[in-house]
Amino acid sequence: MSANLKRSNAPIFWLLFGAGGMLSALLGPMLVFITGIAIPLGLILSPDAMSYTHMQAFAHHWIGAGFIWVIVSLFLWHAGHRIFHSLHDVGIHAGTAAKLICYGIPLVATIVAARALITSVV
Amino acid sequence: MELQARRQNRKESRPAMSEIEKTIPIEVLRYRPEQDTEPVLQTFQVPFTDDMSVLQGLQYIKDYLDGSLSFRWSCRMAICGSCGMMVNGKPSLSCKTFLRDYYPGGLRIEALAHFPIERDLVIVMDDFIEKLESIKPYIIPKTPRALSEGEYLQTPEERDVYEQFSSCINCMLCYAACPQYGLNSKFVGPGIMALLHRYNMDSRDGGTEQRMELVHSEDGVFNCTAVGYCSEVCPKHVDPANAVNINKTESAKDYFLRFVAPKGAAK
Numbered sequence: 001m002s003a004n005l006k007r008s009n010a011p012i013f014w015l016l017f018g019a020g021g022m023l024s025a026l027l028g029p030m031l032v033f034i035t036g037i038a039i040p041l042g043l044i045l046s047p048d049a050m051s052y053t054h055m056q057a058f059a060h061h062w063i064g065a066g067f068i069w070v071i072v073s074l075f076l077w078h079a080g081h082r083i084f085h086s087l088h089d090v091g092i093h094a095g096t097a098a099k100l101i102c103y104g105i106p107l108v109a110t111i112v113a114a115r116a117l118i119t120s121v122v
Numbered sequence: 001m002e003l004q005a006r007r008q009n010r011k012e013s014r015p016a017m018s019e020i021e022k023t024i025p026i027e028v029l030r031y032r033p034e035q036d037t038e039p040v041l042q043t044f045q046v047p048f049t050d051d052m053s054v055l056q057g058l059q060y061i062k063d064y065l066d067g068s069l070s071f072r073w074s075c076r077m078a079i080c081g082s083c084g085m086m087v088n089g090k091p092s093l094s095c096k097t098f099l100r101d102y103y104p105g106g107l108r109i110e111a112l113a114h115f116p117i118e119r120d121l122v123i124v125m126d127d128f129i130e131k132l133e134s135i136k137p138y139i140i141p142k143t144p145r146a147l148s149e150g151e152y153l154q155t156p157e158e159r160d161v162y163e164q165f166s167s168c169i170n171c172m173l174c175y176a177a178c179p180q181y182g183l184n185s186k187f188v189g190p191g192i193m194a195l196l197h198r199y200n201m202d203s204r205d206g207g208t209e210q211r212m213e214l215v216h217s218e219d220g221v222f223n224c225t226a227v228g229y230c231s232e233v234c235p236k237h238v239d240p241a242n243a244v245n246i247n248k249t250e251s252a253k254d255y256f257l258r259f260v261a262p263k264g265a266a267k
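Chain order of the listed sequences is S and X. Here the first sequence is numbered in our numbering, starting from 1 and rising by one per residue. Here the second sequence is numbered in our numbering, starting from 1 and rising by one per residue.
Quick caveat, the hints were computed from the structure, so don't treat them as lab data. Among these hints, one or two may not hold up.
Okay, the calculated bits of chain X under chain S, using three or more residues with CB under 8 Å as the criterion [stated by the list, open to error]:
1) 105 to 118
2) 214 to 228
3) 242 to 255
Far from chain S, by Cβ distances over 12 Å, these chain X residues were calculated [as the list claims (entries may be wrong)]:
4) Tyr60
5) Asp66
6) Ser70
7) Phe71
8) Ile79
9) Gly81
10) Gly89
11) Phe98
12) Ser134
13) Tyr138
14) Lys142
15) Tyr152
16) Gly207
17) Ser231
18) Asp239
Only a predicted model underlies this, so the values are computations on that prediction, with no experimental measurement involved. We put the beta carbon where it would ideally sit given N, CA and C, even for glycine.
All chains should be modelled from the sequences, with the hints used to inform the complete structure.
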């Protein structure tokens, strides 16, 4: 064995993955329930709760914008990391190309979402 | 002659084959490099009693059916870590696994997964031994200490921090269980991480910095995808998955905090 002692940069992606995993576990089911079941069926919440004007106001406030940004970006970092490792698990060792796609999409989405939300708040 | 006499003796002390009513088919993965181009399965009908372990089944085969069968064993009581093998696809100590649990169906015994086979059920363990050596599995004193200063003292609380990790018997079942080690054998792996953690957590030890370079590296903890099967198959109730997880957090902390408070040898 000649160990490759080069320091791994995995902590960056592992922490984003972990944060996204934690958030998706805590908030994911609730968001599915609110956006996919409760609002369309008019359960508990009024169908108006997610109307365009309401959601626009939500996205225009910095707390709402921050919430949307964190949800969109961290969920994607989580998904990208999981897909990358699952590819490896099923025997597809696609290397740099897979890395670029799996981590590139979350990175681009993070930047695009940040830009869009900042313009909406300002 | 002496061997024959001993075998004769053993035959007499055991119930004769005809007195044992139950037999179980044992499929064994054979690999004899001088005649097999690849491993092949061979089935033996083995008479057994309810108190017989899988290891005793193999010993029966070697003594009475085919003396060329090779396997490692020593203590027969789950402390030496020699007799690890795949029993029906599960990494097991053959001395701690019983034939009665597979009756009447039978069982298949193969060499430990993820290791090269040397012969029959004997695997090549060089990779594991080299990794074990590389983590310095011994106490490295914080400061040199003269004999006259007496023994190191440790409270029960200080011992509790690492005790479970010290139960590792190097049987390598966790390596046969780890899908990531199977995919990439450069990964440091579960058992070695448990031992590394055992020494790092010892209040008498000062070698953490020397050991962490490997943990932080490309071959280190982040190859683990938290499957947890390593801890499930451990015959000594060590929790290597926990040692790996704790060190993922430690490594992530070090990755970012090293700029604030530089320490350690990692580059």
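Quick rundown of the hints versus the structure:
no., hint, in the structure
1, 105 to 118, "violated (count 0)"
2, 214 to 228, "holds (count 8)"
3, 242 to 255, "holds (count 4)"
4, Tyr60, "37 Å, holds"
5, Asp66, "35 Å, holds"
6, Ser70, "25 Å, holds"
7, Phe71, "25 Å, holds"
8, Ile79, "27 Å, holds"
9, Gly81, "20 Å, holds"
10, Gly89, "18 Å, holds"
11, Phe98, "33 Å, holds"
12, Ser134, "7 Å, violated"
13, Tyr138, "19 Å, holds"
14, Lys142, "23 Å, holds"
15, Tyr152, "30 Å, holds"
16, Gly207, "16 Å, holds"
17, Ser231, "19 Å, holds"
18, Asp239, "20 Å, holds"
Checked against the numbered hints above, the structure breaks hints 1, 12 and satisfies the rest.
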